[in-house]
Amino acid sequence: MQSTLMHSLSRDEIARCLSDGSFFAASYGKNSVVHFDGEICSNLEIILSGKVVVQRIDESGNLMVIAEFISDDILGGNLLFSKNPHYPMTITAMLPTTILKIKKDRLFALFSDNQAFLKSFLSLISDHATILGDRIKHYVNRTIRESITSFLEYERKQQNSNRIKISMSKKALAEKIGVQRTSLSRELAKMRNQGLITFDADFIEIIE
8 MQSTLMHSLS RDEIARCLSD GSFFAASYGK NSVVHFDGEI CSNLEIILSG KVVVQRIDES
68 GNLMVIAEFI SDDILGGNLL FSKNPHYPMT ITAMLPTTIL KIKKDRLFAL FSDNQAFLKS
128 FLSLISDHAT ILGDRIKHYV NRTIRESITS FLEYERKQQN SNRIKISMSK KALAEKIGVQ
188 RTSLSRELAK MRNQGLITFD ADFIEIIE
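Note that the working numbering has the sequence shown beginning at 8, numbered continuously upward.
If you're looking for bench data, these hints aren't it; they were derived computationally from the structure.
Among the hints, a few may not be true.
Stated by the list, open to error - Derived EDC-like pairs (lysine to aspartate or glutamate); straight-line CA-CA distance at most 20 Å: (1) K108 <-> D79; (2) K90 <-> E75; (3) K108 <-> E20; (4) K183 <-> E75; (5) K177 <-> D209; (6) K108 <-> D80; (7) K164 <-> D112; (8) K172 <-> E212; (9) K90 <-> D44; (10) K110 <-> D120; (11) K110 <-> E46; (12) K164 <-> E153; (13) K37 <-> E20; (14) K108 <-> E212; (15) K172 <-> E160; (16) K37 <-> D19.
As the list claims (entries may be wrong) - Quick list of simulated restraints, FRET-style, between CB atoms: (17) K178 <-> R18: 26 to 34 Å; (18) S56 <-> D112: 40 to 48 Å; (19) V40 <-> E153: 28 to 36 Å; (20) S130 <-> S26: 34 to 42 Å; (21) E20 <-> S157: 22 to 30 Å.
No residue lacks a Cβ here, since even glycine has one placed at the ideal position from N, Cα and C.
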């Protein structure tokens with residue numbers, strides 16, 4: 008089982024937990040809802056394969072993607088032992104996804120019995136809290152242009168070029184930066200007309 012958290016457990020222990028039902032796997036098809044906004048978090052979840060996204064509806068009714076989680080990421084770690092253990096946003100599978108779920112009582116027992124497991128868990132949720140916080144700040148209360156500019160600046164650093172290859176559809180790019188596709192196209196056209204960028208179907212080039 009390929010999971011950073013599971014590396015702290017022996018195969019026999021994992022097998023026992025699967026056998027008694029305190030560990031169990033669930034599969035979700037593409038575009039299936041994994042958790043609804045307000046749903047109670049009752050298990051720690053480890054993504055074994057696939058991808059899920061955290062989404063919210065803004066005041067205009069637009070669907071915004073706040074964060075993406077992939078294989079080896081965890082869900083619910085920051086909620087499970089909270090006084091208000093409810094998912095604050097909808098979580099949706101963007102690809103066929105398999106998730107390993109660990110029941111709360113078993114998780115607590117593992118914390119008590121296995122310090123390496125506890126340390127690994129605390130490290131993961133700390134890292135994820137930081138990442139999610141950064142992503143939320145990235146999307147919330149930004150104009151469309153600010154979101155586009157932030158994305159382009161990040162990709163320019165990653166690709167080390169002003170000519171940025173866009174390896175996704177316009178729809179996927181709009182979802183990634185949290186805007187509607189029509190709004191994205193309109194703002195890109197404005198930026199091109201103002202001499203800030205040029206673009207075609209595969210590239211966006213930042214003009215200095």
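For each hint, the structure was consulted:
For a cut-off of 20 Å, the pair hint linking K108 to D79 stands: about 12 Å separates their Cα positions. For the hint linking K90 to E75, the alpha-carbon distance of about 25 Å lies beyond 20 Å, and the restraint is violated. Of the supplied pair hints, the one linking K108 and E20 holds, its CA atoms being roughly 15 Å apart against a limit of 20 Å. Proposed proximity of K183 and E75 is supported: the alpha carbons are some 9 Å apart, at most 20 Å.
Restraint check: the Cα-Cα separation between K177 and D209 comes to about 10 Å, which is no more than 20 Å; the hinted pair holds. Between K108 and D80, the direct Cα distance comes to roughly 12 Å. Compliance with the 20 Å bound is thereby established for this hinted pair. As the CA atoms of K164 and D112 are separated by approximately 44 Å, the hinted pair breaks the 20 Å bound. Of the supplied pair hints, the one linking K172 and E212 holds, its CA atoms being roughly 9 Å apart against a limit of 20 Å.
With a CA separation close to 17 Å, the supplied pair K90 and D44 stays within the 20 Å bound. This hinted pair checks out: K110 and D120 have alpha carbons roughly 16 Å apart, not beyond 20 Å. Using a Cα cut-off of 20 Å, the hinted pair K110 and E46 holds, with the two alpha carbons roughly 16 Å apart. Of the supplied pair hints, the one linking K164 and E153 holds, its CA atoms being roughly 17 Å apart against a limit of 20 Å.
A threshold of 20 Å between alpha carbons decides the hint, and for K37 with E20 the separation of about 31 Å lies outside it, so the pair is violated. Using a Cα cut-off of 20 Å, the hinted pair K108 and E212 is violated, with the two alpha carbons roughly 43 Å apart. Only pairs whose Cα atoms come within 20 Å are accepted, and K172 paired with E160 is accepted, the gap being roughly 13 Å. A threshold of 20 Å between alpha carbons decides the hint, and for K37 with D19 the separation of about 32 Å lies outside it, so the pair is violated.
Against the hinted window of 26 to 34 Å, the Cβ-Cβ separation of K178 and R18 comes to about 43 Å, which falls outside the hint. Between S56 and D112, the C-beta spacing of about 26 Å breaks the proposed range 40 to 48 Å. Distance hint check: the CB atoms of V40 and E153 are about 29 Å apart, consistent with the given range 28 to 36 Å. For S130 paired with S26, a C-beta distance near 28 Å fails the hint of 34 to 42 Å.
Between E20 and S157 the Cβ separation comes to about 44 Å, which falls outside the hinted range of 22 to 30 Å.
Against the hints set out earlier in the document, violations occur for numbers 2, 7, 13, 14, 16, 17, 18, 20, 21.
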